[in-house]
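> The residues making up each chain are set out below.
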Amino acid sequence: MESLLNRYRNITVLLLVIMAQLVLLAVSAKNDQDVRFIRIWTVTAVTPVARIIDGLRGGGSGFLHNYILLHDTNQENQRLRSELDRMKMENVFLKNELNTADRAKALQVFQQHTPSRTVAATIIATGAGSSSKVVFVDRGTVSGVQRGMAVVTPDGIVGKVIAAYPTASQVLLITDPDFAAGVVTQKSQVHGTLKGQGTPQCKVDYVAFEEKVEPGEWVYTSGDDRIFPRGFPVGIIKAVRPGQPFKEILVEPSGLQRGLVEDVLILIEGVHQPIPDTPPGMQPIYIAAPPPGSDSTPATAAPSATGTEADRLRAQYQALGEEQKHTYGDNPPGTKPADFTRLGTSGAGVPVGYPLGPAGKNPATPAPPAPSNAEAGRNPPPAPGSLPVVRPAEAAKSGTGGTGPAPVPLKTATPPNAEPGKNSPAAPGSPPATRPAAPAKSGTGGAGPAPDKNAAPPAGTPGVHPPDAARRLNPPAGTPPGGQLR
Amino acid sequence: MTYSGERILLSSQREGQVSRFQKWVFLAVPLAAILFQVYVPMFFPVLSFLEMPLLVVVYFAIMRRSQIAGLTVGALVGLAQDSLSKNPLGMFGIVNTLVGYFAASVGVRLDVEHGLIRLLLGFFFYLFHQFLYWVMSQALLGQQMTFDWARTAMLAALNAVVGVALFHLLDKLKERT
Chain E
661 MESLLNRYRN ITVLLLVIMA QLVLLAVSAK NDQDVRFIRI WTVTAVTPVA RIIDGLRGGG
721 SGFLHNYILL HDTNQENQRL RSELDRMKME NVFLKNELNT ADRAKALQVF QQHTPSRTVA
781 ATIIATGAGS SSKVVFVDRG TVSGVQRGMA VVTPDGIVGK VIAAYPTASQ VLLITDPDFA
841 AGVVTQKSQV HGTLKGQGTP QCKVDYVAFE EKVEPGEWVY TSGDDRIFPR GFPVGIIKAV
901 RPGQPFKEIL VEPSGLQRGL VEDVLILIEG VHQPIPDTPP GMQPIYIAAP PPGSDSTPAT
961 AAPSATGTEA DRLRAQYQAL GEEQKHTYGD NPPGTKPADF TRLGTSGAGV PVGYPLGPAG
1021 KNPATPAPPA PSNAEAGRNP PPAPGSLPVV RPAEAAKSGT GGTGPAPVPL KTATPPNAEP
1081 GKNSPAAPGS PPATRPAAPA KSGTGGAGPA PDKNAAPPAG TPGVHPPDAA RRLNPPAGTP
1141 PGGQLR
Chain P
2 MTYSGERILL SSQREGQVSR FQKWVFLAVP LAAILFQVYV PMFFPVLSFL EMPLLVVVYF
62 AIMRRSQIAG LTVGALVGLA QDSLSKNPLG MFGIVNTLVG YFAASVGVRL DVEHGLIRLL
122 LGFFFYLFHQ FLYWVMSQAL LGQQMTFDWA RTAMLAALNA VVGVALFHLL DKLKERT
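Read top to bottom, the protein sequences are chains E and P. The first sequence begins at 661 in the numbering used here and counts up by one. The second sequence begins at 2 in the numbering used here and counts up by one.
Source of the hints: derived by calculation from the structure; they are not laboratory data. From the three backbone atoms N, C-alpha and C, an ideal C-beta is built for every residue, glycine too. Be aware that one or more of the hints could be misleading.
[Said to hold, decoys possible] On the chain P side, residues computed to face chain E include the following (Cβ under 8 Å): (1) I69; (2) L72; (3) A76; (4) P89; (5) G91; (6) M92; (7) G94; (8) I95; (9) T98; (10) G143; (11) M146; (12) F148; (13) H169; (14) L171.
[What the hints assert, rightly or not] Listed next, with one range per pair, are the computed distances between beta-carbon atoms: (15) E:Q693 <-> P:L120: 42 to 48 Å; (16) P:L28 <-> E:V683: 57 to 63 Å; (17) E:L675 <-> P:L36: 28 to 34 Å; (18) E:Q693 <-> P:D172: 48 to 54 Å.
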């Protein structure tokens, strides 16, 4: 080493002296940005090395993690797969739960809207026979279920109770060959007998060949069988074939169009309803509450002049109440309700139809303002979305003669915000003023009238209800908007 | 060891004769050269082309025939020159260090007593000095300067001529052996 230094002593000294002067130069000199050259040179010399080192480190680390340390990849992959499977299962479960909740909500809404007294039941088993269309529900005589009661859903009739046990009941489905029910077509009001065939479709017998029945027409219960009240949807006619002496009509049951449902309603006390003018396309819809923080207007907000039809009805009822100094929902039982027959004649606005009265009150007494066809013809046509008028002629026509109860076209009216049992008994067929629990939770119930419950929204305008309504309900197809028959 | 005025290249280093000077000469001559470089152009601007410190460094380097001595003289003279100029410390120092080192290296192989050699060495090292300074200004300081080869060559010739005369005067300061 010493000899090496002696051999290159001159050049070593030269380099040292040059290096020392370079350092001196770097320390003393600055660039145009007032940065000393020693900093510039140092950074310039160090950063490439640092970049190379960092690149090597990153590359080495990536290589190490991506290619070398893969011993747990398979295990992690299996764990992720199992987690994915679990999440899929959970997703399916939640979807089913949501679907069930929707169906239950729709059933609840239907139960609240239908004038008939019902009890909810769940199908818990099916019949043993392969050809028989029989199911068991979890409601029996303890719950008031008796043999011969009708079983329905919001979509249509499902069957009838053929055996009632203490804790369960046996229901004969509409598709069973032994099933039969009196039905009537919607347009032509042709009566017939619905029979099951053991297939997904049923047939309607005893329809004379000269009767005019068209495919696509809806079929409703006629009430002739004393099991199914009049006015419940049965299904839609799929095929009509000529025959002697009766036509061959095939009907697709609407109550089973979604398969065998889980939850049904058993009609403990059926109430006849009119056949609706329109097909039951608007079934009760459960709409979830808006997300928290969404921009929604409270229900108590006064409807604007340019509001919906329901708002207009609400304003009319409010004006009528103020005119008669009647406060809705704030009167003890037995208080005389407001005279809603003056609704059309008062300054509140045009007639909006015939409000519904309480069930069971003066069933044989026709309501004073019940218009005849001539009167109806004189009156201006109801506005879109207003309550349809029950035609006495139709009621008489569908009155089932001597087998069914006498038609009661109209009763006393129920104000839009009247609460059942508080002001006056709730009219069957009229939606209760108290909303379901969900709207009440959203702060929309009870404070003001709920005209959307009484007014059928115009077709194609489902969003005309106040935006605050967390759950908006369309009147069920089988619910008479203008009155009901008992 | 004989000295031949007709020979330019020495056959070996032992043929070269190391000149010795009084110690005050190593101090006074560079100081005088720097002072000349600083003050004379103030009164005689035409003489500003003279690079007296460089010529002194070349002279002592080639006469001492020692690379360490040459680079030491060059470093000291250059740093002194930097201190009196606007340049950052080290610019002239590095250049003169390299000039002293290479001049001493060349002086070992050449007959530095020869007039023509001295003329050529003066010319060459002036060019080397100016070129190296230009390179360092470009590389280290980032200064954008142009290098005028013709003017630099002409000044190199003038400095070489002056250097031959200067070297002759400085020879008078050598110690007699």
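> Determine for every hint whether it applies to the structure shown.
How the hints compare with the structure:
no.	hint	verdict
1	I69	holds, 5 Å
2	L72	holds, 5 Å
3	A76	holds, 5 Å
4	P89	holds, 3 Å
5	G91	holds, 3 Å
6	M92	holds, 6 Å
7	G94	holds, 4 Å
8	I95	holds, 5 Å
9	T98	holds, 5 Å
10	G143	holds, 7 Å
11	M146	violated, 15 Å
12	F148	violated, 20 Å
13	H169	violated, 28 Å
14	L171	violated, 23 Å
15	E:Q693 <-> P:L120: 42 to 48 Å	holds, 45 Å
16	P:L28 <-> E:V683: 57 to 63 Å	violated, 25 Å
17	E:L675 <-> P:L36: 28 to 34 Å	holds, 31 Å
18	E:Q693 <-> P:D172: 48 to 54 Å	holds, 50 Å
Hint violations for this structure: numbers 11, 12, 13, 14, 16, all remaining hints satisfied.
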